[in-house]
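Visitor: Below are the chains, spelled out letter by letter.
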Amino acid sequence: MSAGHSTYTPTSGLGRWVDARMPLPRLVHDSFVSFPIPRNLNYAYTFGGILSIMLVVQILTGVVLAMHYTASTLLAFDSVEKIMRDVNSGWLLRYLHSNGASMFFFAVFIHIFRGLYYGSYKAPRELLWILGCIIFLLMMAAGFMGYVLPWGQMSFWGATVITGFFTAIPLVGEWVQQLLLGGFAVDNPTLNRFFSLHYLIPFMIAGVVVLHIWALHVTGQTNPTGIEIKSKTDSLPFTPYATIKDALGMVVFLLLFAYFVFYLPNYLGHPDNYIVANPLKTPAHIVPEWYFLPFYAILRAITFNIGPIDSKLGGVLAMFGSIAVLFFVPWLDTSKVRSAVYRPWYKLFFWLFVVDAILLGWLGSRPAEPIYVVMAQIATLYYFGFFLVIMPVLGLIETPRRLPNSITEAVLAKNHGSAAAHPAGAAAAPETKA
Amino acid sequence: MKKILSGLAALCLGATMATAALSQEEAHHDEANPTHFPIHRPAEMDWSFAGPFGRYDKGQLQRGLKVYKEVCSACHSLRLVSFRTLEDLGYSDEQVRALAAEYEVTDGPNADGEMFTRAALPSDHFPSPYPNDEAAAASNNGAAPPDLSLMAKARTVERGFPRFVFDVFTQYQEGGPDYVHALLTGYGQTPPEGMDIPEGTHYNPYFIAAKSLAMPQPISDDQVTYDDGMPQTVDQYSRDVSAFLMWAAEPHLDERKMIGFRVIIFLLLFIGLVWMTKRKVWAGVAH
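Sequence order for the protein chains is A and B. Position 299 (the first sequence) corresponds to 299 in full-length UniProt numbering; numbering is contiguous. Position 69 (the second sequence) corresponds to 69 in full-length UniProt numbering; numbering is contiguous.
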C-alpha cells in the first residue's frame, strides 16, 4: 500500500508460505507498522484513528440492536422501548449507539477542521480529501435515517421536513421525494427502506474508509508544518510511535463518550422523540439532531427569492451547497503554503470560521424569529465567504511566515534547548530498532 | 489587509447592535398574551437520582406508585411498564403478584373464540383506563390524557444559553421530573389581568405548550394516605409521583450510573497507563 518499498520479512515458515500466496500480513505490516509518519504529528492527527474506532462501535452495537428492533410503524417505538427495558444491557447498547452517532460527528468535525487548518487537502491529497467528503455525506445519510428508526415525533417530522426538501427541485422533485418515501407521506414503506439503507450505509462508509486510508498511505500524512517528509530524520515508523499516540487519543475520547453514555445519555437527543410519532400532531419546533443544525440554519437563512429561484429552492441549494463547497476546497485555496501555522491571516479567518460554524449550529436550534434569521443570514454569508472569497483571495495577497527547510529543522527549532542533546541521528535511531 | 479586517469588524459590530435592538423589541411583550411557554421556568428540585452517584429512593418510588394508582391512573395509562418490574421498587414477588391481581386485563380468544377478562399477572403491563384513544378523548372533552410511561423523558423545558453548557458539567438530566413537579404544583394561581382562558381549560403558568391545559388540578392535600409519615401535601405528592415517573421512563438508571462509575475509573487508570507508555516510547525523540 505504501509508496516506499516493503520492509516486511516473514520470520516463520507459515509466514513465508502465506506471504507467497496472499501477502495480507505484509500489507498490514507496511501500512500500520513500518509506514513512515512525520515525527511532529500532534493530537489533532489522532482523530482518524478515533473515527475508525467509532465506526466499529456503531456497526457492532447497530448489528445487535437490529436483532431486537422491528421496522414497522406499529411496532418500532415499542420495540425500542423493549430494548431499553427488557433486553439484557439493551439500554447500554442503545445509548452507546445513539450517543455514538453524536461522538462520531463530533470527531469528524474536528477531523475536518484539522484538515482545513493544516491545509491537508492541498496537492497531492485532493482525492484523499474528496473521499473524506464522501464519507461525511454518507455519515449524514446514515445519521438522518437512523434518527427516523425509533419512530418518535422528531423521527417522523424530521423525516417529513427533510424529504420535503427534494420537492424544491424543479421537474423531478416530487418524483424523487416519492421515491424516497415509497408513497406520498412518511409511512411504513419509508421506515422500511430507511432501516434497510441505515444498515447498508455503514458498510459503504467502511468501503470508502479503505480507499481513504489507501490514498493516505500513497501520499503520506501531512503534519503541522505542511512540509513533506524529505529525509529519514523527518519520519518515524508508525509502530510504536503513532500506534501509542493514537491509542492515547482513543482512550481519552472513549472517556468523553462514556461520560455521555452513562451520565448524560439524553442530553444530545430531543425529548419529543420519546413521544410516539403522530402524523396528526406537528411539534411546536421541528429541529434535527445537533450535528445537522449548522446546515439547517443555512437552509432557513434563505428567506428571500433570488431571481427565478424561490426561497425554498434557494434554501435547499444553499444547504447542499454548504457541503458541496467542501469538495472544491483543494482548488479554492490558492495559497502556496499549506499550513495555517505559517499563514497569520488565514489562521485568523479559520478561527472565525470555527466560531461561525458553532454560531450557525446554535441558530439552527432557535425558532425562526426575525432576530435569529438575520443572524443566520450574516453567519451564512461568512460561511460561503470563507470558502469562495477568503480562501482564493487570501492565498494571493497574504505574505506567509518563513517556512523551515524541513520537519526536522522545525522540530529542533521548537525544542531548541532540550533537543540540542539529541541531534538528528538520535531521532533516527529508533528506526533501526524497529 | 488591515483595512479589510477593520471593515469586517465594523460590519460585525453593526450587525450585533442591530440584532441587540431587535431582541429588545422582542423582549417587550404583553403579560396577558404570552407568546413563549411555559410562562414560568420550572424550579430545579433536589432528586435522589440526580448526579453521578444518584440512586432511586425506593420509599419515594413506592409512595409515587401509590399516587399514580389512586389518582393519575383514573385517566392516564402506563402501558410500557409491566408489573414484574415493580420488584425494582423493593416489593417481593408475592407483593407484586397481589398488586397485579388488583387489575383486570382482557385476554383471549379462548377455545370457544371468546375474549375474556382475568386478573393481571406480573408479566402483564398496567392496563389502560380507556379501551382506546378515541374513548379516552371522548370522555375528556376531546383531549386524550397522554400515556405516562415516558413522560419524565418526553417533557423538558428548553434550558437556553448558557444553561445548556453548564448542564454538561453539572450532569443536569432532571428536566422531566422538574417539569412534572412544577406542573402539578402550578395550579390554583390567578391568571394575569386581561388574560383569556379558553373554556374547559385550566390556567397553569408551568404548562409547556400554552397558558392553560385541559387537565384540571388533579390532586389536593390529604387526598392520598401515606403510611410512612411523610407530609400529605400536593408538593410531596408531586415530588413522589415525578420520581416514580422518572423510574417508569428510565428503569435502569441506578444500574447505568453504577456501571458508569466503574467504566470511568477503569478508563482513567487505562489512560494513565497508556500515557506513561506513550511517554516512554517517545522519550528521547524530539517532536
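Just so you know, these hints were derived from the structure itself, not from any lab. Don't take every hint at face value.
Pairs of lysine-lysine residues, derived as DSS-like cross-links and limited to a Cα-Cα distance of at most 30 Å, are as follows [unchecked claim]:
#	chain 1	residue 1	chain 2	residue 2
1	A	K232	B	K69
2	A	K281	B	K69
3	B	K280	A	K82
4	A	K232	B	K66
5	B	K278	A	K230
6	A	K82	B	K278
7	A	K230	A	K347
8	A	K347	A	K281
9	A	K82	B	K69
10	A	K414	B	K69
Sample of chain B residues lacking proximity to chain A, with all beta carbon distances greater than 12 Å (derived) [stated by the list, open to error]:
#	residue
11	G51
12	G54
13	S82
14	D107
15	T190
16	Y203
17	V234
18	A249
19	V263
20	H287
Note that the coordinates shown come from a computational prediction; the quantities given were computed from them, not determined experimentally. Using N, Cα and C, we set each Cβ at its ideal position, and we do this for glycine too.
Visitor: Please go over all the hints and tell whether each is borne out by the structure.
Guide: Taking the hints in turn, this is what the structure says about them:
no.	hint	result
1	A:K232 x B:K69	76 Å, violated
2	A:K281 x B:K69	29 Å, holds
3	B:K280 x A:K82	48 Å, violated
4	A:K232 x B:K66	75 Å, violated
5	B:K278 x A:K230	25 Å, holds
6	A:K82 x B:K278	43 Å, violated
7	A:K230 x A:K347	25 Å, holds
8	A:K347 x A:K281	47 Å, violated
9	A:K82 x B:K69	23 Å, holds
10	A:K414 x B:K69	70 Å, violated
11	G51	9 Å, violated
12	G54	9 Å, violated
13	S82	8 Å, violated
14	D107	19 Å, holds
15	T190	26 Å, holds
16	Y203	19 Å, holds
17	V234	25 Å, holds
18	A249	7 Å, violated
19	V263	5 Å, violated
20	H287	5 Å, violated
In terms of the numbered hints stated before, the structure departs from hints 1, 3, 4, 6, 8, 10, 11, 12, 13, 18, 19, 20, listed from lowest to highest.
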